[in-house]
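Once you have looked at the hints, place chain P on chain B.
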Amino acid sequence: MAVLRPRRRQADSDEALIRALYEEHGRALLAYATRLTGNRVAAEDIVQETLVRAWKHPEVLVNGKGSIRAWLFTVTRNLVTDSVRARNARPTEVAENPAHQPIEGDHSEAVVDNMVILAALDKLSGPHREVLVELYFHGRTVTETAKALGIPPGTVKSRSYHALRALRDIFGGPQVALKGVAG
Amino acid sequence: MTARDEHKIEALGAYVLGALDEDEARELDEHVADCAECRAQLAELTGMREALGELPPEAFLEGPPEGGDLLLQRTLRRVRTESSSTFLNRRVVGVAAAVVAVALALGGGVLLGRGNGGGQATALPTPSTAPPSSATVVPGTRVVSVTQDGTRLTATITPAAGWIRVNASVTGIPQGQRCKIVVVSKSGEQEVAGSWVVSAKAAAAGTNLDGSALIDPSQVASIMVQNFDGHTFVSANL
Numbered sequence: 001m002a003v004l005r006p007r008r009r010q011a012d013s014d015e016a017l018i019r020a021l022y023e024e025h026g027r028a029l030l031a032y033a034t035r036l037t038g039n040r041v042a043a044e045d046i047v048q049e050t051l052v053r054a055w056k057h058p059e060v061l062v063n064g065k066g067s068i069r070a071w072l073f074t075v076t077r078n079l080v081t082d083s084v085r086a087r088n089a090r091p092t093e094v095a096e097n098p099a100h101q102p103i104e105g106d107h108s109e110a111v112v113d114n115m116v117i118l119a120a121l122d123k124l125s126g127p128h129r130e131v132l133v134e135l136y137f138h139g140r141t142v143t144e145t146a147k148a149l150g151i152p153p154g155t156v157k158s159r160s161y162h163a164l165r166a167l168r169d170i171f172g173g174p175q176v177a178l179k180g181v182a183g
Numbered sequence: 001m002t003a004r005d006e007h008k009i010e011a012l013g014a015y016v017l018g019a020l021d022e023d024e025a026r027e028l029d030e031h032v033a034d035c036a037e038c039r040a041q042l043a044e045l046t047g048m049r050e051a052l053g054e055l056p057p058e059a060f061l062e063g064p065p066e067g068g069d070l071l072l073q074r075t076l077r078r079v080r081t082e083s084s085s086t087f088l089n090r091r092v093v094g095v096a097a098a099v100v101a102v103a104l105a106l107g108g109g110v111l112l113g114r115g116n117g118g119g120q121a122t123a124l125p126t127p128s129t130a131p132p133s134s135a136t137v138v139p140g141t142r143v144v145s146v147t148q149d150g151t152r153l154t155a156t157i158t159p160a161a162g163w164i165r166v167n168a169s170v171t172g173i174p175q176g177q178r179c180k181i182v183v184v185s186k187s188g189e190q191e192v193a194g195s196w197v198v199s200a201k202a203a204a205a206g207t208n209l210d211g212s213a214l215i216d217p218s219q220v221a222s223i224m225v226q227n228f229d230g231h232t233f234v235s236a237n238l
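Sequence order for the protein chains is B and P. Following this note's numbering, the numbering of the first sequence begins with 1 at its first residue and continues without gaps. Following this note's numbering, the numbering of the second sequence begins with 1 at its first residue and continues without gaps.
In short, the hints are calculated from the structure, not lab data. Be a bit skeptical, because a hint or two may be false.
[As the list claims (entries may be wrong)] With a Cα cut of at most 20 angstroms, we get these calculated SDA-like pairs of lysine to any residue:
(1) P:LYS8 <-> B:ALA146
(2) P:LYS186 <-> P:LYS201
(3) P:LYS186 <-> P:ALA161
(4) B:LYS56 <-> P:ARG77
(5) P:LYS201 <-> B:THR155
(6) P:LYS186 <-> P:THR232
[To be verified] Cβ-Cβ distance ranges computed for the label pairs, FRET-style:
(7) P:ASP34 <-> B:ARG168: 39 to 49 angstroms
(8) B:ARG168 <-> P:LYS201: 18 to 28 angstroms
(9) B:ASN39 <-> P:GLU22: 38 to 48 angstroms
(10) B:ARG87 <-> P:GLN148: 35 to 45 angstroms
(11) P:ARG77 <-> B:VAL84: 21 to 31 angstroms
(12) P:ASN237 <-> B:GLY154: 16 to 26 angstroms
Because the structure is a prediction, the values reported are computed rather than measured. Note that beta-carbon positions come from the ideal geometry of N, C-alpha and C, so glycine has one too.
The shape of chain B in the complex, shown without the other chains:
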């Protein structure tokens, strides 16, 4: 390891970071940005910018608080807001360039609240999250979910109960966690 040239090592780390974020969050971010902008091409630019910002601010990914996903969603959301604002700006005004907006830009309270819930969701255990996704997001019944996941209906019920309880416990906790990430 010690003989490796730093630049090469840096390039590989950079690439591994971007890949890992893309593999885990790419689909969610692109779908989110596409819905907000109504434009797939613009959405891709925004997701690219979001990932690049994460790479430029590795400290937000390692600060031990909150959720990476909530941070990424917040950045995406702000970039969309900025680009809409730039588009709506009068020609005589200087258009804001999203590429140079600090991430510490404005967060409306509503967005921050959403992101607290998102961070809570992100902290659920895999099995808890998975049952919620089936029941809530896909709107499946207990019976359908049990079949899809290969677990007994009783387990689906108890997991969905404990998942909602866990969400409440996390969500009810101190909200500074997410603000630390967003800022």
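Leaving out everything else, chain P in the frame of chain B:
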């Protein structure tokens, strides 16, 4: 509280999510009318369902975008261009630590951060305290994360001299399954990188294990989790 009541309370989660069948929902309606504890629970759980309703629906999606990795390649190109042109030398350790943190959040985080459902338990290292050794990522290290039919595999493949180290986090496999991590080479050769049996705890919180496989780092094609009957739970291409 009787075991039967406990049962009823646990059904309240599915109830507020509208996932019970009609008969069961009606039965629970009647029970809740008579049970103050269940009514209190119901109010809380309804509050959480409403909170979920404020989330962007995309928050429930996992994995990479559908339809290829053009966007990934574009982003990587931009990062390469920017890092070769500018200011970035001083942040080597920062990014390396972030890669480790992201890998932990993807894999270990499922166990450590999400696993206990206990608030701010995310076990990410901080840049200021992470020693350089743990913050260094071996060049060519690859991280994959896939979810198939409820099983999630997040694996870090680290090249060694002619072989690979594997760290895998696996969630969503039922208790009692006897599992193995199998690495497949480009020529179809298979190597087992580790095996285990899913405990009750692991069925709930997932399993993390380290292994290795004698496959050249450049020849790794995919990694999968199978049981000993040959059923493949999840498979990820590299």
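Here is what the structure says about each hint:
1. For the proposed pair P:LYS8 and B:ALA146, the alpha carbon gap of about 18 angstroms is at most 20 angstroms, so the pair holds.
2. For the hint pairing P:LYS186 with P:LYS201, the CA-to-CA distance comes to about 35 angstroms; that exceeds 20 angstroms, so the pair is violated.
3. A C-alpha spacing of about 18 angstroms is found between P:LYS186 and P:ALA161, which places the hinted pair at or below 20 angstroms, so the restraint holds.
4. With a C-alpha separation of about 15 angstroms, the suggested pair B:LYS56 and P:ARG77 falls inside the 20 angstroms cut-off, and the hint holds.
5. Using a Cα cut-off of 20 angstroms, the hinted pair P:LYS201 and B:THR155 holds, with the two alpha carbons roughly 14 angstroms apart.
6. Between the alpha carbons of P:LYS186 and P:THR232 the distance comes to roughly 18 angstroms, so the proposed pair stays at or under 20 angstroms and holds.
7. At roughly 24 angstroms, the beta carbons of P:ASP34 and B:ARG168 sit outside the given window of 39 to 49 angstroms.
8. With their beta carbons about 23 angstroms apart, B:ARG168 and P:LYS201 fall inside the hinted range of 18 to 28 angstroms.
9. B:ASN39 and P:GLU22 have their C-beta atoms about 43 angstroms apart, which keeps the hinted 38 to 48 angstroms range intact.
10. Distance hint check: the CB atoms of B:ARG87 and P:GLN148 are about 40 angstroms apart, consistent with the given range 35 to 45 angstroms.
11. Checked against the given bound of 21 to 31 angstroms, the beta carbons of P:ARG77 and B:VAL84, roughly 27 angstroms apart, stay inside it.
12. Evaluation of the 16 to 26 angstroms hint for P:ASN237 and B:GLY154 yields a failure: the beta carbon distance comes to about 36 angstroms.
Hints 2, 7, 12 from the earlier list are contradicted by this structure; the remaining hints agree with it.
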